[in-house]
Amino acid sequence: MDDSIGMKARFKAVRNEAKETRASLYHLTNRCNLRCKGCWFFENEFDEATRELDDISRLEARVKDEAARGINAPLLIGGEPALYLDRIEMFRKYMPKVSVSTNGLRRIPYDGFEDVTIAVSVFGGGPMDDELRAIGPNGKRFAGLLDKALDNYRGDERAGFVFAVSIDGIAYIEDTVRRIRDNGNRLLFNYYSSYDVAGPLRRSGEERLLNVLLELRAMYPETIASHPYYLTALMRGKTAWGTFGYDSCPSVSEAHAENVDRFASGWPALPKFNAYRADMHTLARCCTSGECAKCRDSQAVISWLLVNAKHVLQEDDGLRIWTEVAESYFSQFVWSRYHPRNLSPRASNRAIQ
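In my numbering, each number is its position in the sequence shown, counted from 1, plus 36.
Because the hints were derived from the structure by calculation, they are not lab data. Watch out, some of these pointers could steer you wrong.
[Unchecked claim] Each computed DMTMM-like pair below joins lysine to aspartate or glutamate, with the alpha-carbon atoms no more than 25 Å apart:
| no. | residue 1 | residue 2 |
| --- | --- | --- |
| 1 | Lys-330 | Glu-79 |
| 2 | Lys-73 | Glu-88 |
| 3 | Lys-100 | Asp-166 |
| 4 | Lys-274 | Asp-315 |
Just so we're clear, the structure is a prediction, and the values are computed from it rather than from any experiment.
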């Protein structure tokens, strides 16, 4: 157990980073240049739920309102946010900790977006990525989507890949990790499942996948940001102190009427968090599809670990575990003091060519 003065100082420092960060999620657009298989946004017809706010002056007013509400870390999703750089710029104008989730097909330029975190999706790895994602809005398939994303963000420290691994794609994981490493980027693991296998068979596959992820994390610690404690919680959907699900998920809209019972459960939630549909007013229930029984979203799971510090701290070596999980989480954001670019003595504002 590490309860040294140094570890306590690290704990306090990263806890302060968490306290200073107030996040909400925004569907920047209903449009997308892909139609990925299993995409919860289109499968649940979120693109038809509201009319997107396309008036830039009205958007500016909404962003200013959200900043006044205390939000400084917007997560911009879609649809595909990279289709609307002017909208990303508007959030950056008023909020210092902008993150964008993108499919990687269209590059977000460096100039003007130097401190924007870019989370690039990968599904399955190897040929599975094209099988699951390389589908245009017209249904036509193409090849080389990951190649294009890697080319767009080669050596770009803003960009980290969110690698949604699957049981069926175990054979492709290590090669994909190497490709991302050799491209000069880092990654974190997410979990992709079609949920058509249940019971002991699925649990056995998840344990096998977890063992692979833990081995790779030990082999490529500079590339894989995901902490082993997080990986275990992600794949099992539980810890020694609780089970991840609707009653405990922290990434739920605090102002949504359907979440009254959730907040009455006693489990902590992200302060001030709301998820807004593309009209920037209508609330979504949570940060993803609202299908809680199916959800193992990476950001929701790691936020669950972070807001439950009091439980983690009760575990053996809990101080070190929670501190390292929090540091690894913030290390994915280029605007954070924990990002490698900001820890490195060579940190600079150089442009990515």
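> Broken hints, numbered, in rising order?
Replying inline: 3, 4
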